[in-house]
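Student: Protein sequences, first through last, are from chains Z and B. Just so we're aligned: the first sequence equals residues 1 to 171 in the working numbering. Just so we're aligned: the second sequence equals residues 1 to 171 in the working numbering.
Mixed in with the good hints, there may be bad ones.
If several chains are the same, the list does not tell them apart, and a pair holds so long as it fits within one copy or across any two.
Claimed, not checked - Derived lysine-lysine pairs resembling DSS-like cross-links, with alpha carbons at most 30 Å apart:
#: 1; residue 1: Lys42; residue 2: Lys67
#: 2; residue 1: Lys117; residue 2: Lys42
#: 3; residue 1: Lys95; residue 2: Lys42
#: 4; residue 1: Lys85; residue 2: Lys42
#: 5; residue 1: Lys85; residue 2: Lys117
#: 6; residue 1: Lys95; residue 2: Lys85
#: 7; residue 1: Lys117; residue 2: Lys67
#: 8; residue 1: Lys42; residue 2: Lys54
No lab work stands behind these hints: they were computed from the structure.
The lines below spell out each chain.
There are 2 protein chains.
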Amino acid sequence: MISQSVEYALRSIVTIAQHEGHPCTAQQISVITQVPAPYLSKLMQRLVRAGVAKSQRGLHGGFVLTKEPGELTIWEVVDAVEPFKRIHECPLGIKSHGALLCPLHQRLDNAMAMVEKQFRETTIEDVLAEPGAVTPLCQHQKTIQIQTNLAARKLAPTVTRKKVTEKKSKE
Amino acid sequence: MISQSVEYALRSIVTIAQHEGHPCTAQQISVITQVPAPYLSKLMQRLVRAGVAKSQRGLHGGFVLTKEPGELTIWEVVDAVEPFKRIHECPLGIKSHGALLCPLHQRLDNAMAMVEKQFRETTIEDVLAEPGAVTPLCQHQKTIQIQTNLAARKLAPTVTRKKVTEKKSKE
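Pulled out of the complex, with its shape left as it was, chain Z reads as follows (with noise of 0.2 Å):
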């Protein structure tokens, strides 16, 4: 139902808002989400033209996000990479139904319904700050850690960000 390809677009989606604004390497974004490198060249090409992650060029550059993490939706890389098919109409042209879903093609739009509405109102920042829960990708924080502070360090970044989590902050 969700498909790898969405699962890598979010996993890379994650990373990249973990780096608080620093640019972030397709190869970083390979090794810490594990997505092959020619894989997630596609998927960052998708999520580029769909204007969810933008590249910056130079020395230090790589994938930032367009957006703050609180702003971007689960929906809105969902949609970059593989976007729901809702039925709005009936898929076998039956003229007689009208406006009208019969009862099949209404129940599985009420599920895609229902799915979108929640990945809607679900922000990437919410998804880092949940209380209590393991950190996504936290193998890599460590790493995440090492390389924030020292492209800190190297050079101003592009978008400065508030820390994401005052919960990742105390690690």
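With chain Z's structure known, arrange chain B on it following the hints.
Tutor: Quick look at chain B alone, frame taken from chain Z:
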């Protein structure tokens, strides 16, 4: 989110259920559901393998359901064709997560759980009997009625089934 294969399989199962126990040939299903014959053939193989439908041989052979429509859920059809890949453990194999999912994977799994619950609670009879709604695949209701009457005259039904809906019998 809901693949074409799943949607086609559900169209086919609803069509067979509408035949009320009279075997329904692949050709009939293909015409009614508008699913191309080779695609339908593969889907029916999967549905038979999963025990949702069975094939009856002979002159008036065809596909019938293995259960009453009131006992067959949307979930069983979905599961036969394209099982949900629920997330039971960290897809990245992060050991420190233990049995816990991180908030990203937990939210993705919650969405799947929500849809699974809806589909498990909905039978094919629910779909056919929904009051006030247009009948699924109803452009072909007349064809089905003629075929069913014809089959009833030629051959005693192999599975006796009560009328699925009051509504349908009045049409």
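Student: Looking at the structure, which of the earlier hints fail to hold?
Tutor: Going through the list in order, the structure violates no hint and respects every one.
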